Amino acid sequence: MIYKQLKSLLDIPRGTVYIFFIYSILLGILSLTIPISVQTLVNLVNVSISTRPIISLTIILFVLLTTAFCIRIFQIYLVEHIERRLFVNLSVKILEKINKIRFYNFTNINVAEKVNRAFELPMLQKSVSIIFITLLDIVLQIIFCVIILGFYHPLFLTFDILLVTLVFLSLFLPFFSACKTAYAESTCKYEIVAWFEELANNPISFRQANNADLSLKILDKHLCDYIGYRKKHFGFLLRHHIYIGITYILINIALLSLGSYLIIKGQLSIGQLIAAELLINVVLVGMLKFSYYLDDCYDFIVGAIKIKQLFEISELEKIEKLSLNVSSIDRLKILDKDIELNVSFKNKNIEQLVLDKESTNKICLSLLDGNKFESFSLYINDHDLSIYDQSSLNEKLILIRNIELYDAKVIENIKLGQLESFKVEFLKEVLVKLDLEYLEEIFYERIDSQIVKYKIDYNDQVILMILRAIMMDPKLILIVDVFYFLNTELQNKIINLLNELKIPTIIIRQGSNVRKSEIA
Numbered sequence: 004m005i006y007k008q009l010k011s012l013l014d015i016p017r018g019t020v021y022i023f024f025i026y027s028i029l030l031g032i033l034s035l036t037i038p039i040s041v042q043t044l045v046n047l048v049n050v051s052i053s054t055r056p057i058i059s060l061t062i063i064l065f066v067l068l069t070t071a072f073c074i075r076i077f078q079i080y081l082v083e084h085i086e087r088r089l090f091v092n093l094s095v096k097i098l099e100k101i102n103k104i105r106f107y108n109f110t111n112i113n114v115a116e117k118v119n120r121a122f123e124l125p126m127l128q129k130s131v132s133i134i135f136i137t138l139l140d141i142v143l144q145i146i147f148c149v150i151i152l153g154f155y156h157p158l159f160l161t162f163d164i165l166l167v168t169l170v171f172l173s174l175f176l177p178f179f180s181a182c183k184t185a186y187a188e189s190t191c192k193y194e195i196v197a198w199f200e201e202l203a204n205n206p207i208s209f210r211q212a213n214n215a216d217l218s219l220k221i222l223d224k225h226l227c228d229y230i231g232y233r234k235k236h237f238g239f240l241l242r243h244h245i246y247i248g249i250t251y252i253l254i255n256i257a258l259l260s261l262g263s264y265l266i267i268k269g270q271l272s273i274g275q276l277i278a279a280e281l282l283i284n285v286v287l288v289g290m291l292k293f294s295y296y297l298d299d300c301y302d303f304i305v306g307a308i309k310i311k312q313l314f315e316i317s318e319l320e321k322i323e324k325l326s327l328n329v330s331s332i333d334r335l336k337i338l339d340k341d342i343e344l345n346v347s348f349k350n351k352n353i354e355q356l357v358l359d360k361e362s363t364n365k366i367c368l369s370l371l372d373g374n375k376f377e378s379f380s381l382y383i384n385d386h387d388l389s390i391y392d393q394s395s396l397n398e399k400l401i402l403i404r405n406i407e408l409y410d411a412k413v414i415e416n417i418k419l420g421q422l423e424s425f426k427v428e429f430l431k432e433v434l435v436k437l438d439l440e441y442l443e444e445i446f447y448e449r450i451d452s453q454i455v456k457y458k459i460d461y462n463d464q465v466i467l468m469i470l471r472a473i474m475m476d477p478k479l480i481l482i483v484d485v486f487y488f489l490n491t492e493l494q495n496k497i498i499n500l501l502n503e504l505k506i507p508t509i510i511i512r513q514g515s516n517v518r519k520s521e522i523a
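As numbered in this note's numbering, the sequence shown has no gaps in its residue numbers, which increase by one up to the final residue, 523.
Hint data in this document are derived by calculation from the structure and do not stem from the laboratory.
All values derive from a computational prediction rather than experimental measurement.
Only pairs whose alpha carbons sit at most 30 angstroms apart, straight line, appear in this in silico DSS-like list of lysine-lysine:
| # | residue 1 | residue 2 |
| --- | --- | --- |
| 1 | Lys496 | Lys336 |
| 2 | Lys234 | Lys220 |
| 3 | Lys96 | Lys311 |
| 4 | Lys100 | Lys129 |
| 5 | Lys292 | Lys183 |
| 6 | Lys496 | Lys431 |
| 7 | Lys103 | Lys129 |
Now the in silico label distances, taken between C-beta atoms and shown as ranges:
| # | residue 1 | residue 2 | range |
| --- | --- | --- | --- |
| 8 | Arg233 | Asn111 | 24 to 34 angstroms |
| 9 | Ile256 | Lys292 | 18 to 28 angstroms |
| 10 | Lys292 | Arg404 | 50 to 60 angstroms |
| 11 | Ile74 | Ser208 | 54 to 64 angstroms |
The C-beta atom is built at its ideal place from N, Cα and C for all residues, glycine as well.
Build the full structure now, drawing on both the sequences and the hints.
Below you can see the structure in the form of structure tokens.
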């Protein structure tokens, strides 16, 4: 299960993985050069004291170690390439995912908190080198070590089984329990960050009366949960370290005892025992080194699962439908239970409605997501909404329900990506007609969703949203509630402007009774 999630998330090309294996196999083979060279040197000293074989052995060792070093450099370069590719690909996938999330999910899921999973990207980057260098090297070193020791003496085959068993148990005995505690610990961290975001978004409420104590109490609860799960997770990490330490001690003692016995029996040379000790210690020291990265490995697994959860939020369905006729929208018909509202733009461009919250939500989610609700239908130009392409609807129908301003200059918030088609002179004319020329003074101020609360009046924020909609040349504007925060004079000016520009507009005020409202 975990393997499949990691494989689908990392999406590393198969050819790149093969190259990694080839590099690691070569490095595994070349890592045997020192033990074999030591064994050869001991045997040469016992047989002859000539320096020529030693010089030849030194030259060969130099060439092999240099080759191993060059391969390691290539391996590090390849890891860096994968880390960059991983970060870019996942960033693009997250962006695409956010743009495809069904708007219905925003009413049930804290999507902003889910997006915080992007903080896992640096951890995933860092863990690539641990997996493809450290861990892969250890696995291949164990394989080569087992094979070489088997050639030294048949009894070493039993020793090989003991080595593999102890390594496997030391890594996997606490593994699944540690994954659960690592996940719970990570969840606590995100809850703490989410709480900090809540405090930043509501700075006044928690500074009044005794509310500062409330914020501390909530933080204290999250911290207590974090410490509890962290202690449990550390317990499993400690078990890993203890098991690896026991493996290190037992294997060294067993090898020395078995090797000494075989030397006494004349079945093993001293050079072979030294080489075997070096081989085993390459593996065991690698295990000890890897134990320091265990926490990072669990963070990697949890991070992959967390980002996968973001990708699993339901998306807009990709269904081939008819394209919306962009030339005009003449009529809308809303059927909700026993209510029928017909909106026509043939004789007028503005229609004001009073709808209850449920009907308003159905209209918005139908237009944005293509959601279907029981006993509810929405028709555009006498055609059911379901036949229209959703992306085309989102391009031509502009919904204004909340203030949505992003981190950019005010003018860029109005443009919203429009470059060539954006007409600054036309925007200035609109401001003159609305008597809002003063807004030009803030066009080049930088704002975001937080700063805008303190730099720009709420009325002006609503106006910026309406200006953005007008500049996008829409076929229909749907304004919910926020329009009525403006004063009556400005409301009338905006209505007159929309009529002059002949932009079909529906303005909805939420109320208990469903009805049409007279234009102010």
